[in-house]
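Student: Take a look at the letters that make up each chain.
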Amino acid sequence: DQQVKQNSPSLSVQEGRISILNCDYTNSMFDYFLWYKKYPAEGPTFLISISSIKDKNEDGRFTVFLNKSAKHLSLHIVPSQPGDSAVYFCAASPSSGGSYIPTFGRGTSLIVHP
Amino acid sequence: GAGVSQSPSNKVTEKGKDVELRCDPISGHTALYWYRQSLGQGLEFLIYFQGNSAPDKSGLPSDRFSAERTGGSVSTLTIQRTQQEDSAVYLCASSLGQDQPQHFGDGTRLSIL
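Residue numbers (our numbering), protein chains in the order written: chain A, 51 to 164; chain B, 4 to 116.
It is worth saying that the hints were derived from the structure and are not from the lab.
Check the hints yourself; a few may be wrong.
Said to hold, decoys possible - Incomplete in silico selection of chain A near chain B, CB under 7 Å:
hint, residue
1, E92
2, P94
3, I98
4, Y150
5, F154
6, R156
All values reported here derive from a predicted model rather than from experimental measurement.
A virtual CB, placed ideally from N, CA and C, is assigned to each residue, including glycine.
Using the sequences and the hints, build the whole thing.
Tutor: Quick look at the structure:
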């Protein structure tokens, strides 16, 4: 039973446009969320995070939105660049309760066309 | 280097052999995680070390899997009597604390023939 779901295995976007990657979670104990980017043959790289006390966090071209009532978060990349082409993983965890172990989604492969 | 280092980068072995995978975390990081990623799957949690606390082994898939972390630094993941379904990329990550983003190594690609 997947607690973190990325329902789109892939996404194709034109350079300069907005990329929107979605993530849904089921565990109401999750209150800390992260996005990672992964290039082939490399480990995931931390991109941006958000805690449940916020509904938006922005870092340059990357913005994460959190809708707690819908248990949904999204990553917006604008403008998209060819170098953004990678697999993006959403992760979620409880930030209290002793053991912090993020649960990862299966990833969305983003392709940004020049 | 300043990042998480994993070795070997690739390992091919025969079914039934034991393998040892190594992870050097970032200096000063108290938390260390092992994950594996099978083809087309997400990151599957295996084991978590936090400081001197007992490790959380809840993700280990069978008793053929074990891990240790010596001196709060280097960690070794051991798989005994390997099976073909153990083929995957094994990723190690470390973080400054349990509520901090993880820094991942590039993984060990394990292939069981």
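Student: Each of the hints needs a verdict: does it hold here or not?
Tutor: Cross-check of the supplied hints:
Evaluation of the E92 of chain A hint against chain B yields a held restraint, the C-beta minimum of about 5 Å falling below 7 Å. Given the 7 Å rule on beta carbons, the hint for P94 of chain A holds: about 5 Å separates it from the nearest Cβ of chain B. With a least beta-carbon distance of about 9 Å to chain B, the hint placing I98 of chain A at the interface is violated under the 7 Å criterion. Taking 7 Å as the C-beta cut-off, the interface hint given for Y150 of chain A holds, the closest approach to chain B being about 4 Å.
Of the supplied interface hints, the one on F154 of chain A holds, with its beta-carbon coming within about 4 Å of a beta-carbon of chain B, less than 7 Å. Because the beta carbon of R156 of chain A sits about 4 Å from the nearest beta carbon in chain B, less than 7 Å, this interface hint is met.
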